[in-house]
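For what it's worth, our numbering labels the leading residue of the sequence shown as 835, then goes sequentially.
A hint or two may mislead.
Pairs of lysine-lysine residues, derived as DSS-like cross-links and limited to a Cα-Cα distance of at most 27 Å, are as follows [as the list claims (entries may be wrong)]:
{"no.": "1", "residue 1": "Lys1097", "residue 2": "Lys842"}
{"no.": "2", "residue 1": "Lys1098", "residue 2": "Lys1108"}
{"no.": "3", "residue 1": "Lys917", "residue 2": "Lys940"}
{"no.": "4", "residue 1": "Lys915", "residue 2": "Lys937"}
{"no.": "5", "residue 1": "Lys917", "residue 2": "Lys1108"}
{"no.": "6", "residue 1": "Lys842", "residue 2": "Lys877"}
{"no.": "7", "residue 1": "Lys842", "residue 2": "Lys858"}
{"no.": "8", "residue 1": "Lys877", "residue 2": "Lys940"}
{"no.": "9", "residue 1": "Lys877", "residue 2": "Lys937"}
{"no.": "10", "residue 1": "Lys940", "residue 2": "Lys1037"}
{"no.": "11", "residue 1": "Lys1098", "residue 2": "Lys1037"}
{"no.": "12", "residue 1": "Lys1037", "residue 2": "Lys1097"}
{"no.": "13", "residue 1": "Lys1098", "residue 2": "Lys1000"}
{"no.": "14", "residue 1": "Lys940", "residue 2": "Lys915"}
{"no.": "15", "residue 1": "Lys1108", "residue 2": "Lys1037"}
{"no.": "16", "residue 1": "Lys858", "residue 2": "Lys1097"}
{"no.": "17", "residue 1": "Lys937", "residue 2": "Lys917"}
{"no.": "18", "residue 1": "Lys877", "residue 2": "Lys917"}
{"no.": "19", "residue 1": "Lys917", "residue 2": "Lys945"}
{"no.": "20", "residue 1": "Lys915", "residue 2": "Lys877"}
{"no.": "21", "residue 1": "Lys1108", "residue 2": "Lys858"}
{"no.": "22", "residue 1": "Lys917", "residue 2": "Lys1097"}
{"no.": "23", "residue 1": "Lys1098", "residue 2": "Lys858"}
{"no.": "24", "residue 1": "Lys915", "residue 2": "Lys945"}
{"no.": "25", "residue 1": "Lys1000", "residue 2": "Lys1037"}
{"no.": "26", "residue 1": "Lys915", "residue 2": "Lys1104"}
{"no.": "27", "residue 1": "Lys1097", "residue 2": "Lys1108"}
{"no.": "28", "residue 1": "Lys858", "residue 2": "Lys877"}
Note that these hints are calculated values from the structure, not bench results.
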Amino acid sequence: MPVTTEGKIEAIGRVLNDQSRPLKERFRALFTLRNLGGPVAIKCIQQCFGDPSALLKHELAYCLGQMQDSRAVPVLINILKDKRQEPMVRHEAGEALGAIASKEVKEVLEKYANDDVIEVAETCQLALGRITWLTELAALENLPENPYASVDPAPPSQETDVSTLKRILLDENQSLFERYRAMFSLRNLNTPESIVALGEGLKAGSALFRHEVAFVLGQLQHDTSIPYLQESLEDTAENEMVRHECAEALGAIASPVCFEILKKYLEDEKRVVKESCEIALDMCEYENSPEFQYANTLLQVLLATTVMLPQRHRKTRMALLLADGRGVSFEELKLEYTSANSLHQDCWKDLIEHWKYV
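When you get a sec, could you build the whole thing from the sequences and use the hints?
Here's what the structure looks like:
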């Protein structure tokens, strides 16, 4: 069991669920909960699905899928079934179910593979394709480990030729699952040629397909993709789900050019695009800062509790926590401060649990 106490996880959950806080703080709290995992984190995330922000709810479902904890399945099934939720939220719930891929998800995915909302239907079809692949082909293909540490909606293709992969990616007569496989292979190749091929994918296929292309371009974090992402973000006729993903991809690339592009759309008429630019700018700031990690809400909770320590221990603990932002290792800190002999046992416990997740 993780050493982080339930109380601290619940404190992070309160940040996530507090609508008076800036959205960027709530996002950081969400990703902290994802990293911590466990039933308390899942409960905190579940409580937030009544939020008015479709962007935030979409990320809630994404994080539950990436956690791959079957205890989140009932939550995600309810979101997928709830037609009051925005299409991008229901789509992400379907994708998350495919990421978890436990036995009980297949029936509900089959039901919604014919949903009236095309993004939801296509997502459920992809999720079923992934489950079939895991069951029948994964062991035979023996693919290398994902270099991006994400749970993708489809595995990469075994093909490695960029021209062939590009042809499959852009061929709308191919199944969506095979086109996704080509997409993730192009991502994993991570060459200028493969990135250009992916960029061309932003003008092909369904909104769901284009939004996934934008997502992988964000994972690649390469300047080559900026013109493609900028064009789609600036196209107000483009589906808002695609534009939102382009904004977040630009935030991940985090160059000065991206910063300027994103600032232009902070007042976009589409709420999901506006909020995505806000989050993307926070990502830009993070990528260009000395901060040790993006999901830093546990650190903030620990800092908040520092004021309750006796004065003689407070300065030492503050110094340790603030050193985290400088990228100093735990062992270096331990060596530096052990000689001072002023660390309270509770401080050590909290610091150890913080370093467990960074």
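Evaluation of the provided hints:
1. Lys1097 with Lys842: Roughly 34 Å separates the two Cα atoms, so the pair is violated.
2. Lys1098 with Lys1108: Given pair Lys1098, Lys1108 holds - Cα atoms ~10 Å apart, limit 27 Å.
3. Lys917 with Lys940: holds (19 Å)
4. Lys915 with Lys937: Judged against 27 Å, a Cα distance of about 18 Å means the pair holds.
5. Lys917 with Lys1108: The given pair, whose Cα atoms are some 24 Å apart, holds under the 27 Å limit.
6. Lys842 with Lys877: OK: Lys842 and Lys877 at ~14 Å, within 27 Å.
7. Lys842 with Lys858: holds (20 Å)
8. Lys877 with Lys940: holds (23 Å)
9. Lys877 with Lys937: holds (22 Å)
10. Lys940 with Lys1037: Distance ~31 Å between Lys940 and Lys1037 Cα, so the pair is violated.
11. Lys1098 with Lys1037: holds (22 Å)
12. Lys1037 with Lys1097: holds (24 Å)
13. Lys1098 with Lys1000: violated (32 Å)
14. Lys940 with Lys915: holds (14 Å)
15. Lys1108 with Lys1037: Given that 27 Å is the threshold and the Cα spacing comes to 22 Å, the pair holds.
16. Lys858 with Lys1097: holds (15 Å)
17. Lys937 with Lys917: holds (24 Å)
18. Lys877 with Lys917: holds (22 Å)
19. Lys917 with Lys945: holds (14 Å)
20. Lys915 with Lys877: holds (19 Å)
21. Lys1108 with Lys858: holds (12 Å)
22. Lys917 with Lys1097: With Cα atoms ~33 Å apart, Lys917 and Lys1097 exceed 27 Å; violated.
23. Lys1098 with Lys858: holds (18 Å)
24. Lys915 with Lys945: Holds, because 10 Å separates the two Cα atoms, which is no more than 27 Å.
25. Lys1000 with Lys1037: holds (13 Å)
26. Lys915 with Lys1104: Since the Cα atoms of Lys915 and Lys1104 sit roughly 25 Å apart, the hinted pair holds (cutoff 27 Å).
27. Lys1097 with Lys1108: holds (10 Å)
28. Lys858 with Lys877: Distance of about 20 Å is within 27 Å: holds.
Checked against the numbered hints listed earlier, the structure breaks hints 1, 10, 13, 22; every other hint is satisfied.
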